[in-house]
Structure formats: structure tokens, C-alpha cells
Amino acid sequence: MPPSMTESSANKLVNGDVCHRTANGKKSTGRNGFVKNHCLFQQPQQKKYRRPSEKNNHVVRSTSLYNRPFVEQFEETPLLVAVLTYVGYGILTIFGYLRDFLRNWGVENCHVARERDEQKDFVPLYQDFENFYTRNLYMRIRDNWNRPICSVPGAKMDLVERTSKDYNWTFEHTGKVVKDVINMGSYNYLGFAENTGRCADNATGSTHKYGVGVGSTRSEMGNLDIHEELEQLVARFLGVESSMAFGMGFATNSMNIPALAGKGCLILSDELNHASLALGARLSGATIRVFKHNNMVSLEKLLRDAIVHGQPRTHRPWKKMLILVEGIYSMEGSIVRLPEVIALKKHYKAYLYLDEAHSIGALGPRGGGVVDYFGLDPKDVDIMMGTFTKSFGAAGGYIGGKRELIDYLRSHSHSSIYATAMSPPVSQQIITSMKIIMGEDNTTLGAERLKQLSENTTYFRRKLREMGFIIYGNNDSPVVPMMLYMPAKIGAFGREMLKRNIGTVVVGFPATPIIESRARFCVSAAHTRDMLDTALEAIGEVGDVLQLKYSRHHDFPSSLGPWSSAESLLLEPSHVKPSCHITN
Amino acid sequence: MLFIDYSSAFNTIISTKLRTLGLNTSICNWILDFLMGSPQAPAYHLVLEGILILWIIRLLFSKTYKLQERSDLTEKEKEDLIEEWQPEPLVPPMSKDHPSLNYDIVTGPPSHKIIVNGKECINFASFNFLGFLDNERVKQKALTSLRRYGVGTCGPRGFYGTFDVHLELEDRLAKFMKTEEAIIYSYGFATIASAIPAYSKRGDIVFVDEAACFSIQKGLQASRSFIKYFKHNDMEDLERLLKEQEIEDQRNPRKARVTRRFIIVEGLYINTADVCPLPDLVKLKYKYKVRIFLEESMSFGVLGEHGRGVTEHFGVNIDDIDLISANMENAVASIGGFCCGRSFVIDHQRLSGQGYCFSASLPPMLAAAAIEALNIMEEDPVVILIWFRFFIFMYDLVNKYFQIDSYSAVKSVIGEVYAPALHLQLERSSGSRDTDVRMLRSIVDYCLERQIALTLARYLDKEERFLPPPSIRVVVTIEQTEEDIEKAASCIREAALAILK
Numbered sequence: 033m034p035p036s037m038t039e040s041s042a043n044k045l046v047n048g049d050v051c052h053r054t055a056n057g058k059k060s061t062g063r064n065g066f067v068k069n070h071c072l073f074q075q076p077q078q079k080k081y082r083r084p085s086e087k088n089n090h091v092v093r094s095t096s097l098y099n100r101p102f103v104e105q106f107e108e109t110p111l112l113v114a115v116l117t118y119v120g121y122g123i124l125t126i127f128g129y130l131r132d133f134l135r136n137w138g139v140e141n142c143h144v145a146r147e148r149d150e151q152k153d154f155v156p157l158y159q160d161f162e163n164f165y166t167r168n169l170y171m172r173i174r175d176n177w178n179r180p181i182c183s184v185p186g187a188k189m190d191l192v193e194r195t196s197k198d199y200n201w202t203f204e205h206t207g208k209v210v211k212d213v214i215n216m217g218s219y220n221y222l223g224f225a226e227n228t229g230r231c232a233d234n235a236t237g238s239t240h241k242y243g244v245g246v247g248s249t250r251s252e253m254g255n256l257d258i259h260e261e262l263e264q265l266v267a268r269f270l271g272v273e274s275s276m277a278f279g280m281g282f283a284t285n286s287m288n289i290p291a292l293a294g295k296g297c298l299i300l301s302d303e304l305n306h307a308s309l310a311l312g313a314r315l316s317g318a319t320i321r322v323f324k325h326n327n328m329v330s331l332e333k334l335l336r337d338a339i340v341h342g343q344p345r346t347h348r349p350w351k352k353m354l355i356l357v358e359g360i361y362s363m364e365g366s367i368v369r370l371p372e373v374i375a376l377k378k379h380y381k382a383y384l385y386l387d388e389a390h391s392i393g394a395l396g397p398r399g400g401g402v403v404d405y406f407g408l409d410p411k412d413v414d415i416m417m418g419t420f421t422k423s424f425g426a427a428g429g430y431i432g433g434k435r436e437l438i439d440y441l442r443s444h445s446h447s448s449i450y451a452t453a454m455s456p457p458v459s460q461q462i463i464t465s466m467k468i469i470m471g472e473d474n475t476t477l478g479a480e481r482l483k484q485l486s487e488n489t490t491y492f493r494r495k496l497r498e499m500g501f502i503i504y505g506n507n508d509s510p511v512v513p514m515m516l517y518m519p520a521k522i523g524a525f526g527r528e529m530l531k532r533n534i535g536t537v538v539v540g541f542p543a544t545p546i547i548e549s550r551a552r553f554c555v556s557a558a559h560t561r562d563m564l565d566t567a568l569e570a571i572g573e574v575g576d577v578l579q580l581k582y583s584r585h586h587d588f589p590s591s592l593g594p595w596s597s598a599e600s601l602l603l604e605p606s607h608v609k610p611s612c613h614i615t616n
Numbered sequence: 002m003l004f005i006d007y008s009s010a011f012n013t014i015i016s017t018k019l020r021t022l023g024l025n026t027s028i029c030n031w032i033l034d035f036l037m038g039s040p041q042a043p044a045y046h047l048v049l050e051g052i053l054i055l056w057i058i059r060l061l062f063s064k065t066y067k068l069q070e071r072s073d074l075t076e077k078e079k080e081d082l083i084e085e086w087q088p089e090p091l092v093p094p095m096s097k098d099h100p101s102l103n104y105d106i107v108t109g110p111p112s113h114k115i116i117v118n119g120k121e122c123i124n125f126a127s128f129n130f131l132g133f134l135d136n137e138r139v140k141q142k143a144l145t146s147l148r149r150y151g152v153g154t155c156g157p158r159g160f161y162g163t164f165d166v167h168l169e170l171e172d173r174l175a176k177f178m179k180t181e182e183a184i185i186y187s188y189g190f191a192t193i194a195s196a197i198p199a200y201s202k203r204g205d206i207v208f209v210d211e212a213a214c215f216s217i218q219k220g221l222q223a224s225r226s227f228i229k230y231f232k233h234n235d236m237e238d239l240e241r242l243l244k245e246q247e248i249e250d251q252r253n254p255r256k257a258r259v260t261r262r263f264i265i266v267e268g269l270y271i272n273t274a275d276v277c278p279l280p281d282l283v284k285l286k287y288k289y290k291v292r293i294f295l296e297e298s299m300s301f302g303v304l305g306e307h308g309r310g311v312t313e314h315f316g317v318n319i320d321d322i323d324l325i326s327a328n329m330e331n332a333v334a335s336i337g338g339f340c341c342g343r344s345f346v347i348d349h350q351r352l353s354g355q356g357y358c359f360s361a362s363l364p365p366m367l368a369a370a371a372i373e374a375l376n377i378m379e380e381d382p383v384v385i386l387i388w389f390r391f392f393i394f395m396y397d398l399v400n401k402y403f404q405i406d407s408y409s410a411v412k413s414v415i416g417e418v419y420a421p422a423l424h425l426q427l428e429r430s431s432g433s434r435d436t437d438v439r440m441l442r443s444i445v446d447y448c449l450e451r452q453i454a455l456t457l458a459r460y461l462d463k464e465e466r467f468l469p470p471p472s473i474r475v476v477v478t479i480e481q482t483e484e485d486i487e488k489a490a491s492c493i494r495e496a497a498l499a500i501l502k
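If you read the protein sequences in the order shown, they are chains A and B. Position one of the first sequence corresponds to residue 33 (our numbering), numbered consecutively onward. Position one of the second sequence corresponds to residue 2 (our numbering), numbered consecutively onward.
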């Protein structure tokens with residue numbers, strides 16, 4: 033090929049970037065109304081006009097697939113709150129423009145780093161508008177993120193105290209440490225973020241033995257015996273034939289999906305999938321279509337249409353279809369409807385890629401993730417992906433599945449050929465923590481942690497709901513998003529909680545829809561009941577100050593506990609009250 | 002002729018009937034006027050028109066009916082299609098003895114002495130240039146950190162995943178490189194692959210060297226920009242492309258004002274083991290107003306008096322380079338990567354670098370190890386000098402054996418005198434890549450038997466934009482003694498003589 037050939041590598045992918053969304057409210061039944069006889073999951077009777085906030089209400093249509101109640105709630109945004117939130121953004125935007133105007137005329141000091149004088153006549157690196165949001169909205173409440181910590185990210189942590197003299201443009205460390213902040217932000221689900229105990233001891237041992245780096249890729253000279261041991265253990269833990277470990281969770285997705293799909297393949301991706309899945313799908317060159325979050329009707333419609341109509345324009349049949357879903361969605365706290373997804377995938381002969389970044393270790397009686405949680409056969413999931421960052425307190429990711437799949441990845445994954453292998457002490461941390469979860473250390477420590485996590489989750493979610501907060505997600509998910517809605521409350525909540533020595537994560541646009549800003553708590557097995565109570569008390573207090581108790585469902589049957597209440601609903605679907613969004 | 006006479010049809014009925022309906026006189030008169038005054042039409046005309054209208058109606062209906070029949074599949078047909086469709090297998094079948102399936106297994110640290118498949122060898126394969134991998138000081142620092150922070154960070158940088166060690170490392174890297182700011186990533190590969198799409202968007206233009214490594218290629222793909230490849234290290238070819246672009250810009254100045262342009266090069270190319278002509282690139286940068294991104298994974302800690310890379314090597318002002326990216330997995334012998342440059346450029350990645358925002362941060366013990374490695378490099382630049390001396394020695398030896406030697410017909414060496422990792426290629430290809438790879442692999446195996454650990458340079462044949470020819474990569478490190486190098490060189494020569502003939 034001529035070397036100077038001009039090409040737009042990416043424009044080839046333009047096609048793949050087109051996101052075809054299916055509207056939830058649209059009728060999926062055909063003109064003649066036959067569809068419902070063939071579809072696995074029927075379109076439920078829905079109100080014609082729905083407010084956007086209702087979009088995620090979950091209705092289990094085929095209860096027979098579930099061996100346990102599936103309770104997931106997404107309470108509607110109160111209308112007044114929605115209006116006020118938009119007004120809030122409106123005011124912020126107006127002030128943003130005003131201040132940009134003042135900065136432009138030199139009336140207000142501009143703290144933004146400037147281009148070098150020598151390069152002033154270059155094409156600007158950023159468009160003027162590009163950083164409007166950062167400059168005028170994010171900067172005001174920037175102190176809620178990137179808070180430096182100086183201890184183990186365990187149940188309690190120490191924060192480096194910092195102040196800002198110029199409204200968050202720069203920070204200074206005061207040299208003081210904020211001690212014993214209750215950590216509701218780290219993904220330390222099973223409490224393996226520890227600097228003492230067996231994990232730390234074993235990691236120390238392997239640092240002595242191997243050092244910290246590897247200095248080569250797996251396929252060249254970086255394939256250590258500890259990696260092989262880790263992969264065999266992961267395969268055993270997941271109940272699959274074989275597995276492969278990678279040095280970074282994000283890259284596990286973005287560097288392996290391209291090996292599995294390509295041009296002429298169709299990727300069906302949940303709209304709330306993590307950026308790494310989206311990037312992997314984009315890099316693969318396959319066509320991407322997006323289905324509504326956890327909405328099986330939407331997914332089924334896409335699957336049917338894909339097979340019936342084939343590829344766009346050429347109408348050739350698709351080579352293969354790959355469904356990308358996550359186990360627990362980290363911003364919604366929802367759990368994938370895996371039994372239904374598997375039923376669909378089998379019926380339509382698609383392949384399933386399950387990203388268990390948050391769910392592995394955190395769900396299921398044996399900590400085996402969503403597959404274990406629903407009591408399904410891991411062989412029904414073609415590609416089991418997950419990370420070691422969260423429950424195992426380490427770093428990296430894995431892919432598990434059939435031997436042919438893993439063998440193929442070993443020779444075709446970008447990661448195994450071009451990226452440096454995993455650090456030995458990190459691998460050791462995973463091996464030790466995984467063995468503890470599996471009970472192979474001959475203790476019940478792992479089982480206790482799993483039980484503790486599930487109890488903590490149920491307790492924490494129930495209490496928050498009782499207090500009247502709007503909590504999203506599944507009752508069993510340790511990721512607990514609490515709605516704040518208004519932009520000003522994002523900053524206020526984060527700061528008020530820190531004043532009470534509790535570290536929380538607050539998120540707003542673009543990580544969430546613009547009016548659905550939220551706080552997120554990650555429950556850990558390391559949290560004691562006392563810590564949770566302290567945190568809950570503080571949340572309640574701040575909730576009163578900031579008027580965050582939006583929920584209008586005060587009839588939540590707390591006395592029954594979510595399990596029994598759900599079960600009764602499951603048996604008698606007619607009991608589902610229209611006002612109550614626990615639908616089963 | 003026949004006329005239908007409206008006036009006679011209505012005149013008798015209406016006047017009486019309308020009155021009985023209770024309408025007043027003026028309205029009745031108006032209705033009568035209207036009916037009786039209407040124009041008279043011939044009957045056949047009306048009949049014809051009537052038929053015409055009926056026919057049009059029929060046409061309309063029959064047409065829609067036919068269209069529907071043609072385009073819509075019945076449910077039965079759809080079901081059949083779904084039944085019929087067979088996907089390709091998820092992965093193509095692979096033979097069990099595929100060369101890349103049987104990785105060599107390394108037991109123990111991959112430092113100077115390495116145990117490959119149970120055999121102790123001298124390591125000429127790991128990128129452990131400065132020997133920090135098994136360094137006691139580095140290990141101790143990592144362990145102290147482990148005892149303080151544990152292993153994992155359990156979160157991305159934004160959400161309690163920023164440790165004081167990370168801030169210290171960023172600070173130290175910025176100081177070491179003499180730049181305003183540095184940002185660290187938790188994975189070497191993801192560093193440049195995330196940095197490129199943070200700046201270069203759809204519609205922007207990137208000029209890239211053909212020999213650019215795979216992570217640059219992936220970054221470019223993610224950026225969706227226009228990519229123009231220039232011949233490896235060929236400044237004339239680059240200038241030709243820049244000129245072409247200049248002409249293009251003059252044609253469409255409005256578009257040119259918002260089209261960002263970048264030159265992306267490697268400091269020391271991993272695929273060819275030579276150095277980029279940085280001073281020439283800087284000249285072109287100012288001439289054509291293009292920004293330069295420099296990937297220094299191989300040159301960081303290796304080139305330059307203090308190991309600052311190609312900028313120091315050529316004495317180029319580091320501020321002239323818009324972004325420098327490198328991994329900490331080679332010379333630094335830890336894990337992860339970093340970008341450094343002016344705050345104006347680097348800070349943008351803290352919200353736009355995907356691999357930075359959406360990934361868990363670097364385990365603190367690995368950051369601590371990197372800090373200690375920087376400490377040693379700063380305290381003792383001699384480390385780099387000693388290494389350099391060794392390398393020249395090695396280079397001479399390899400040259401002696403394979404280029405000057407009369408048997409040199411079988412092999413060639415690519416690489417410059419500064420390159421720590423050079424490639425040995427076949428002088429004459431057998432014509433088939435597979436055969437070439439197999440031959441080189443037998444050389445590697447031959448050397449492994451004789452306690453010299455080498456490796457083939459691995460590529461994804463189908464994914465690389467410009468696939469480099471197969472080669473054996475020889476890595477020189479500070480830990481190797483002159484005897485080691487001599488032994489390796491003679492061993493490779495023996496193998497080449499025995500296998501290639």
C-alpha cells in the first residue's frame with residue numbers, strides 16, 4: 033500500500049457508531065398483532081405517555097425464569113423537583129456565560145492554564161465552548177472529587193486535608209490529615225483492601241520473590257508461573273473451562289472485544305454500559321445498536337430485526353451477534369436480568385458478553401457474581417468478564433469461558449501481545465483473596481464476609497428507604513445510588529457528609545442524565561453495623577438540611593423486609609399497586 | 002339532449018317542507034336560490050365523472066394492497082428466518098499447537114537470571130533496561146507502601162482512588178522531566194491510547210510515522226481523526242504531506258481554522274529500534290503549526306544524560322513538545338504509564354482521558370516502586386552511562402558477528418547504537434512469514450537450550466497497519482556482563498549458522 037495513503041481509520045467505523053435506539057413506548061407488536069405469539073417476552077401494557085424518569089421501571093414478565101424475587105425500583109422524579117433542577121442548570125448556565133464574558137474582557141481573573149505564546153497562532157487545542165461545563169459548573173464543586181487519601185481504602189480511611197484559596201482552581205494541602213473517615217465510596221465490597229492479614233502477607237512474599245514489575249508481555253517473556261496459577265484458579269472460581277487475566281480492567285474490555293467481533297458483526301449494547309465496553313465495541317469495527325437499560329423487550333426487538341433484516345443496505349445476514357451487558361450497573365445499582373438475557377440469547381443464537389466488574393465477589397451465595405446469584409449455569413454465558421479491582425482489592429481483569437475462546441484470546445488479544453503482564457504481588461493478592469472467598473484456606477472467613485455484605489446491603493438500603501430517600505436499583509445490589517437531582521445539592525451533600533467524617537461519592541452530568549444527579553454509596557463487608565448507623569444518621573441529618581427526602585412512597589413495607597414482601601408480590605401479581613414500583 | 006332540471010326537481014317539495022321544519026323565510030329563499038340556480042350539466046358527463054372517481058378509488062386501494070404484500074414479511078416468514086440463521090462461531094477454531102498458545106513459563110523474577118521452562122538463562126528478553134526489577138531498594142519501598150496502603154485502590158482517581166503516593170509520583174515525574182505537569186495511568190498500553198483521543202477528535206488530522214507502535218494505532222482508531230501515514234523517519238515525506246495539507250487549507254480556510262493537526266512519533270521505535278529525528282520535527286512543527294506528541298516508552302530512562310529521553314538526547318527544549326507519553330514498565334520496571342507536558346495540555350486528560358477517568362488507579366505499591374526507581378535515576382545518572390557503555394559493546398559485537406562477518410548474509414541487524422532493544426531479522430526472507438517465524442523461533446529455542454533467553458517480537462499480523470518483518474528482539478540491560486553479551490552474541494551466531502545456513 034502506498035505509505036502516504038490518506039485514510040481516515042475511524043471513518044470506517046462511522047457506521048458502527050450509529051446508535052439505533054428503540055423507543056420503549058413504541059409498539060413492538062406488528063400491524064397484525066402476531067408478534068406477541070412469537071416473542072419470548074411480551075410488551076407489557078404501558079401507558080402511552082411516560083415521563084422520562086419512569087423509563088427504568090422494571091417489570092419481570094417471565095417470573096418462571098427466576099428462582100428468587102427480583103426487586104428493582106426506580107422511583108419517578110417528582111415533577112416539581114425536575115422543574116427546579118432544570119431551573120438550577122439554567123441559572124448556572126446564565127452565570128457561566130456572564131463570567132465567561134467577564135473573563136474574556138479581563139474583568140474577572142482567569143485561572144485556566146493558557147497556551148504558550150509561541151503557539152498562539154496554532155489551531156486552538158480546545159474549542160471555546162468545549163470546557164464551558166468544566167469551567168463554570170464542575171469547578172464550583174470540584175473539591176468533592178479526587179480527594180487524596182493516605183491510608184488503606186478500607187471501611188475507614190484517612191484523607192489529606194486540602195483547602196482552596198481561589199474557589200477550587202488550585203488546592204493546597206494543609207499538612208493535616210482528616211482521620212477515620214467512614215468510607216462509603218470505595219468499591220471494597222468484600223473488605224479485601226487491607227494492609228494486614230493473609231493477603232498482605234502473601235503479597236509481601238511474592239514481592240520478595242518476583243519484584244513488582246515484569247518487563248515483558250505475556251506472549252514474549254512475561255508469562256510467570258504465578259499468572260498461570262491465577263488463571264487456573266479464576267477458571268475454577270467461575271466454573272468455566274479456562275480463563276485469562278489482564279493487567280487492567282478497562283483494557284480487558286477495550287482490548288478483547290475487538291478480538292471477538294469485527295466488520296459484519298452486530299453488537300447489542302445496554303445503553304448504560306461502561307465506557308470501556310463502548311470503546312471496545314467501537315474499536316472492533318462492528319455495528320453497534322443500543323437497547324434500553326435492562327429492557328428485554330427492547331433487546332428482543334433489536335435481535336429479531338437484526339436477523340430478519342440483516343445488515344443495513346446490503347441486507348446480508350449478520351456474521352454473529354454479541355450482546356454486551358454488565359452484572360451490576362455501577363451508576364444505577366441495578367442487576368442485569370440475566371435469566372431473560374440468556375433465554376433470548378439462546379433463542380436468537382446470539383453470544384453473550386457479561387461484564388461482572390462490580391458483581392463478581394459481591395453477589396451470589398458463593399460470591400460468584402450474577403450467574404451464581406441467579407443460580408444459572410456459567411456455561412450459558414459465552415464470555416465471562418470481570419475485574420479484580422473491586423471485591424478482590426487488587427487490580428486488573430479477567431475473561432473466562434470455553435477453552436477455544438481463551439486459546440483464541442491468548443493469541444489474538446491486543447492485551448496478551450502488546451501489554452505488559454500483570455504485576456506479581458497484585459496477582460498474589462487476587463489468588464489469596466479468591467481462595468479465602470472459596471473457603472480453600474480452610475476458614476469460614478470468606479463465607480462470613482459474603483454474608484456480612486449481603487446483610488449490610490439489605491440493612492442499608494432498607495434504612496435509607498425508610499428515611500424517605502429515593503434509592504435506585506436492586507434490593508440486593510451493594511451499589512446504592514441515592515437521588516440528589518439538583519446541581520447545587522451535589523456539592524452541598526458531598527461537603528456536608530465530609531464535615532460529618534463520612535466520605536461519599538457524588539455524581540452528576542455527564543456520568544448520569546442531566547437531571548438525575550446522585551450520591552452513591554458502596555456497601556462493604558468491612559462496614560460494621562455501628563459504622564453504617566453512624567453513616568445513616570449523618571445521611572438523615574444532611575437529608576433534612578438539604579431536603580433530599582423526595583420519596584412519596586412512605587408505605588414501603590419495611591416491617592416485612594424486602595424479601596418476604598417481594599415474595600408475596602411474586603406469587604400474586606395482582607397485588608402490585610400501581611403507585612408502588614416494586615413490580616414483580 | 003337530456004338535461005336534468007334541478008329547478009323542477011325541487012320547486013314543489015321545498016317551499017312547503019322547509020316551512021314545516023320551522024326555518025324562516027329568508028333562509029328558505031336562499032336555499033331555493035342555491036339549488037335552482039346551480040349550473041346545468043349534461044347527464045353523460047356526470048356518469049363519466051362518477052365512473053372516473055370510482056376507478057380512482059379502486060386504484061388507490063388496490064395499489065396499497067399490493068405494496069404491503071410485497072414488502073412485509075409475515076410472522077411465519079420471520080420465524081423461519083430466525084430459525085434458519087446460523088451465526089459464525091464466536092472464535093474460529095485453532096490448532097492446539099499454534100505457536101502462541103504455548104507461552105514459555107517463567108518461574109522467579111524476570112531479572113538478569115531468568116528461569117524459563119525450568120532452565121536458568123541469562124535474560125535478553127525483558128525490558129528491564131536499568132535492572133530495577135529485582136532491585137532491593139525498589140522492593141523495600143514497594144513493601145513499605147504495601148504495609149501502609151494494601152494492594153488495590155478500589156476505585157478510580159475521582160472516587161477515593163487518588164492516593165498521596167500518586168500525587169507524589171506525578172510531581173516527581175514532572176520535576177524529573179522538567180515539565181509543568183504529569184499524569185499517571187494504571188496501564189502502559191492505555192496511556193498513549195487514551196491521550197490521543199482526548200485531543201484529536203473527528204475531523205482533526207494526524208500525521209503518523211508508519212512504524213508507530215500498536216497502542217498509538219489504537220489511540221488513533223479511537224480518535225476517529227483523519228490519519229496520514231508518512232514513511233518511517235522520512236522528513237521529506239512528512240513535509241510533502243504537510244504541504245499537501247497546506248494547499249488543502251488554503252482552499253477551505255474556514256475549515257482549516259478549526260482542524261487541529263498533530264504529528265505523532267515515537268522517541269525510540271520499538272518496532273525498528275531507531276530514534277526519531279526530533280530537531281527536524283520541531284522545525285516542521287513551527288513551520289506548519291502542527292503539535293507534536295511523542296511516545297517515549299522505549300527511550301525514557303535510556304536516552305539522554307539523565308535518562309529524560311529523546312528531548313535530552315537531542316537537546317530539544319521539552320516545552321516544544323506538546324505531549325510526552327511513556328510507560329513505566331520498561332526502564333522504571335514497575336507498571337503503568339504517564340504523560341507529561343505543559344499544564345495547558347496535560348490537565349485536560351484529567352476529565353477527558355478515558356483510561357484515566359474510568360479505570361481504577363495504579364496500586365500505590367507500584368507507584369512507590371516507580372518513585373524509588375526515579376530516585377535512583379536522579380541520584381545516580383551513572384547507572385545510565387554504565388548501561389550505555391555496555392550497550393555499545395553489545396552493538397559492536399553483534400555488528401562484528403552479523404554484519405562484518407562473512408556469514409552475515411543470513412542476518413541483519415536493525416537498530417541504532419542507542420537502542421536498548423534491537424531486532425535481528427532474516428537477511429533474506431524465505432517468502433513465507435510462517436516459515437520465517439518458525440526459523441527464528443528455532444534460533445530462540447537453540448539459544449534457550451544454551452541458557453540465553455531471547456524472544457521473538459510478537460505482533461498481531463492482521464491488526465497491524467504496517468506489519469514489521471519477523472524478528473528476534475534482543476534487549477540489553479545494565480546487569481549483563483561483557484561475558485554474558487559475548488556469550489549471547491556467539492550463541493546467536495552459532496544458531497544462525499546451524500539453522501539458517
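I should point out that these hints are in silico values taken from the structure, not numbers from a laboratory. It cannot be assumed that every hint is accurate.
The list that follows gives simulated cross-link-like pairs (lysine to any residue, SDA-like), each with its CA atoms no further than 25 Å apart [what the hints assert, rightly or not]:
1) A:Lys211 to B:Glu169
2) A:Lys211 to B:His314
3) B:Lys256 to A:Gln159
4) A:Lys211 to B:Thr145
In silico negatives: residues of chain B with every beta carbon more than 10 Å from chain A [stated by the list, open to error]:
5) Glu89
6) His99
7) Lys120
8) Phe177
9) Arg292
10) Asp381
11) Pro470
12) Glu487
13) Ala499
Ideal Cβ positions, reconstructed from N, Cα and C, are used throughout, including at glycine.
Each hint, compared with the structure:
no., hint, in the structure
1, A:Lys211 to B:Glu169, "20 Å, holds"
2, A:Lys211 to B:His314, "46 Å, violated"
3, B:Lys256 to A:Gln159, "13 Å, holds"
4, A:Lys211 to B:Thr145, "20 Å, holds"
5, Glu89, "5 Å, violated"
6, His99, "6 Å, violated"
7, Lys120, "13 Å, holds"
8, Phe177, "18 Å, holds"
9, Arg292, "7 Å, violated"
10, Asp381, "19 Å, holds"
11, Pro470, "15 Å, holds"
12, Glu487, "21 Å, holds"
13, Ala499, "23 Å, holds"
Consistency note: the structure conflicts with the earlier hints numbered 2, 5, 6 and 9.
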